[in-house]
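Novice: Going line by line, the protein sequences match chains W and S.
For the first sequence, the working numbering gives the first residue as 1, with consecutive numbering after it.
For the second sequence, the working numbering gives the first residue as 1, with consecutive numbering after it.
The set of hints was computed from the structure by calculation and includes no laboratory data.
Hints may contain errors.
One copy or two, either will do: identical chains are not told apart, so a pair holds if it fits within one copy or between any two.
To be verified - Dumping the calculated DSSO-like pairs for lysine-lysine here, alpha-carbon to alpha-carbon at most 30 Å:
1) Lys220 <-> Lys310
2) Lys167 <-> Lys54
3) Lys81 <-> Lys212
4) Lys195 <-> Lys293
5) Lys66 <-> Lys88
6) Lys292 <-> Lys195
7) Lys54 <-> Lys264
8) Lys195 <-> Lys228
9) Lys228 <-> Lys187
10) Lys219 <-> Lys54
11) Lys195 <-> Lys213
12) Lys261 <-> Lys186
13) Lys212 <-> Lys66
14) Lys219 <-> Lys88
15) Lys195 <-> Lys81
16) Lys82 <-> Lys212
17) Lys310 <-> Lys264
18) Lys187 <-> Lys127
19) Lys54 <-> Lys66
20) Lys187 <-> Lys264
21) Lys213 <-> Lys81
22) Lys261 <-> Lys195
23) Lys293 <-> Lys310
24) Lys264 <-> Lys186
25) Lys228 <-> Lys88
Treat the numbers as computed from the prediction; the structure is a model and nothing was measured.
Protein chains: 2
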Amino acid sequence: MINATTYTARAHTNIALIKYWGKKDEDLILPMNSSLSLTLDHFYTETSVTFDEKLSDDLFFLDNQKQDVSNVSTFLDIVRKKANIQSKAQVYSTNYVPSTAGLASSASAYAALALAASKAAGLELDKPSLSRLARRGSGSACRSIYGGLVEWQAGFDDETSFAYPIKMPNNFEICMIALIISTNHKKISSRMGMKRVVETSPYYSNWVESSKKDLLAIKKALAENDFKTFGEISEENAMKMHALNMSAHPHFSYLEPDSIKAMKIVEGLRLQGISCYYTLDAGPNVKVICLKKDVSSIVNIFSNSFGHEKVLVASSGPAAHLI
Amino acid sequence: MINATTYTARAHTNIALIKYWGKKDEDLILPMNSSLSLTLDHFYTETSVTFDEKLSDDLFFLDNQKQDVSNVSTFLDIVRKKANIQSKAQVYSTNYVPSTAGLASSASAYAALALAASKAAGLELDKPSLSRLARRGSGSACRSIYGGLVEWQAGFDDETSFAYPIKMPNNFEICMIALIISTNHKKISSRMGMKRVVETSPYYSNWVESSKKDLLAIKKALAENDFKTFGEISEENAMKMHALNMSAHPHFSYLEPDSIKAMKIVEGLRLQGISCYYTLDAGPNVKVICLKKDVSSIVNIFSNSFGHEKVLVASSGPAAHLI
Chain W
1 MINATTYTAR
11 AHTNIALIKY
21 WGKKDEDLIL
31 PMNSSLSLTL
41 DHFYTETSVT
51 FDEKLSDDLF
61 FLDNQKQDVS
71 NVSTFLDIVR
81 KKANIQSKAQ
91 VYSTNYVPST
101 AGLASSASAY
111 AALALAASKA
121 AGLELDKPSL
131 SRLARRGSGS
141 ACRSIYGGLV
151 EWQAGFDDET
161 SFAYPIKMPN
171 NFEICMIALI
181 ISTNHKKISS
191 RMGMKRVVET
201 SPYYSNWVES
211 SKKDLLAIKK
221 ALAENDFKTF
231 GEISEENAMK
241 MHALNMSAHP
251 HFSYLEPDSI
261 KAMKIVEGLR
271 LQGISCYYTL
281 DAGPNVKVIC
291 LKKDVSSIVN
301 IFSNSFGHEK
311 VLVASSGPAA
321 HLI
Chain S
1 MINATTYTAR
11 AHTNIALIKY
21 WGKKDEDLIL
31 PMNSSLSLTL
41 DHFYTETSVT
51 FDEKLSDDLF
61 FLDNQKQDVS
71 NVSTFLDIVR
81 KKANIQSKAQ
91 VYSTNYVPST
101 AGLASSASAY
111 AALALAASKA
121 AGLELDKPSL
131 SRLARRGSGS
141 ACRSIYGGLV
151 EWQAGFDDET
161 SFAYPIKMPN
171 NFEICMIALI
181 ISTNHKKISS
191 RMGMKRVVET
201 SPYYSNWVES
211 SKKDLLAIKK
221 ALAENDFKTF
231 GEISEENAMK
241 MHALNMSAHP
251 HFSYLEPDSI
261 KAMKIVEGLR
271 LQGISCYYTL
281 DAGPNVKVIC
291 LKKDVSSIVN
301 IFSNSFGHEK
311 VLVASSGPAA
321 HLI
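Bound conformation, chain W alone (with noise of 0.2 Å):
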């Protein structure tokens, strides 16, 4: 028996710098490797949830429009089974992530409910089964449930497979900026794109051999703060990633003509002393990692190239919350 008590979660979105492409399992989403992320704090979903036994069916609001309920009720289900209840439940969310940056708004989205829906649904999850929870939902949503540096270990069941966070090194005040170029739906979603390349890249399994690599290395790097290797790991794995979906097939790629004019802005950046390293995501948004020291030049480059309302800037965030 359930009183009707609305939790609200806010979680904040996180960008990937080994990357999450490709499951191993697609009904628990359990990667194929490792991945590690850096929490945003500027993007961020606020969602609300009430288990109501009034209620004949979900609901769900995302911001202040009544969505197709499917997805969050499969999540849902999850929830209930967990805390053994059969009331359904309204779900209203704002996301504070714009849509358009490419920023995975379905991490921040799923860590929010998660983090509502179990606290409503009257569990009290620690944070790892916190991740786990939210992994279902999305697999990169498991490292929203934490804030600065976090890693998502990639298991082999449901048990396994959550997330933890990284210590970040002293005086490594990591920002990112987002450059947004384009605000249309891509044709190929993540999780169509992670899909085919499993299928059919020639080289995935080295993919995955070479991103268990990455993730010890830029520990390592993290470990000896030393961003300039920190930041070359990332960019490298994330070519490896697109170059992935450039030998799938059918190919594809997400990279447009702007894309390669910001990847070459920042190479210019870097052959000036800057440090400062570049990721891509399901998406032809560039986001650069850098220190906060040099966030002004990169941001001024970018708005002289392709205007100030196209430039995000963001830094470490914190755990998903109560609120």
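Position chain S against the provided structure of chain W, taking the given hints into account.
Specialist: For chain S alone, kept in the frame of chain W given last:
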């Protein structure tokens, strides 16, 4: 004893559809995988060679400009050794390959040099022997000994690594449209690019295996008169090659913003029912394989987007020959 007789040869450049991208022997220029190309009619090199006992050094003129002779001398040493002569030679070359076109002038250059120099040295080489000899100058030159479609079998030593012609299907009026995107000298030469990829890409071994499959599949498509499959395999093979570059350490890419723009135009034309497929080599220029009947539509679209002076058209060209 050689008379100072001059021989002049013309050889046409070629465009690889299954790419050569990596050597297993840097000195002999033995490739990691077999490749397949189309020799082009409008782009060629003419080279005259005269061995002359009175010369104290080799001389090399390209387009009426005296050049550093060291690479040519190294190649002539192979010819002199085969012919058992010591005379130095004069070499006059004219390139009818726009040097800005990224159309591998080294292929036509060394094919023409191999034919003219071997004749001038008194050798009567059959075509496989000429192909092996040209290969020592530049790998892809071994394919320019023949016209039309040509396979370079990788082989395993100097004797077994040479090219031979592949039957062009009836009614296969293949054309190639080259879009000149950049006239800048490339930062990473083919030689450096493929070397880095062989040494550092985690995907390299799978590229070799995948290209072997592509070669079998493209020859099947040729045997079945299937231009669509022929084009699709060509495009996917090119993308897998460019994916290798993105996966190298340090990563690199020959793609420019306009390369992506042109690739998207070709993809758009396919959605309109035009069978056209792109390929790119060690540079940003986009080459489109299509049938003769579709040339004018594609040329028009490229001319409108990039300027007609950037668009070159070629079709299947002849074997290297004396003139």
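Novice: Could you run down the list of hints and mark each one as holding or not?
Specialist: Now the hints, each set against the structure:
{"no.": "1", "hint": "Lys220 <-> Lys310", "result": "neither (34 Å within a copy, 48 Å between copies)"}
{"no.": "2", "hint": "Lys167 <-> Lys54", "result": "neither (45 Å within a copy, 75 Å between copies)"}
{"no.": "3", "hint": "Lys81 <-> Lys212", "result": "neither (34 Å within a copy, 51 Å between copies)"}
{"no.": "4", "hint": "Lys195 <-> Lys293", "result": "neither (39 Å within a copy, 37 Å between copies)"}
{"no.": "5", "hint": "Lys66 <-> Lys88", "result": "within (16 Å within a copy, 84 Å between copies)"}
{"no.": "6", "hint": "Lys292 <-> Lys195", "result": "neither (36 Å within a copy, 37 Å between copies)"}
{"no.": "7", "hint": "Lys54 <-> Lys264", "result": "neither (57 Å within a copy, 53 Å between copies)"}
{"no.": "8", "hint": "Lys195 <-> Lys228", "result": "between (32 Å within a copy, 25 Å between copies)"}
{"no.": "9", "hint": "Lys228 <-> Lys187", "result": "between (34 Å within a copy, 23 Å between copies)"}
{"no.": "10", "hint": "Lys219 <-> Lys54", "result": "neither (50 Å within a copy, 67 Å between copies)"}
{"no.": "11", "hint": "Lys195 <-> Lys213", "result": "both (22 Å within a copy, 22 Å between copies)"}
{"no.": "12", "hint": "Lys261 <-> Lys186", "result": "both (19 Å within a copy, 17 Å between copies)"}
{"no.": "13", "hint": "Lys212 <-> Lys66", "result": "neither (41 Å within a copy, 52 Å between copies)"}
{"no.": "14", "hint": "Lys219 <-> Lys88", "result": "neither (43 Å within a copy, 60 Å between copies)"}
{"no.": "15", "hint": "Lys195 <-> Lys81", "result": "within (28 Å within a copy, 56 Å between copies)"}
{"no.": "16", "hint": "Lys82 <-> Lys212", "result": "neither (32 Å within a copy, 51 Å between copies)"}
{"no.": "17", "hint": "Lys310 <-> Lys264", "result": "both (17 Å within a copy, 23 Å between copies)"}
{"no.": "18", "hint": "Lys187 <-> Lys127", "result": "neither (34 Å within a copy, 49 Å between copies)"}
{"no.": "19", "hint": "Lys54 <-> Lys66", "result": "within (19 Å within a copy, 91 Å between copies)"}
{"no.": "20", "hint": "Lys187 <-> Lys264", "result": "both (25 Å within a copy, 13 Å between copies)"}
{"no.": "21", "hint": "Lys213 <-> Lys81", "result": "neither (38 Å within a copy, 48 Å between copies)"}
{"no.": "22", "hint": "Lys261 <-> Lys195", "result": "both (28 Å within a copy, 26 Å between copies)"}
{"no.": "23", "hint": "Lys293 <-> Lys310", "result": "within (21 Å within a copy, 43 Å between copies)"}
{"no.": "24", "hint": "Lys264 <-> Lys186", "result": "both (23 Å within a copy, 14 Å between copies)"}
{"no.": "25", "hint": "Lys228 <-> Lys88", "result": "neither (50 Å within a copy, 53 Å between copies)"}
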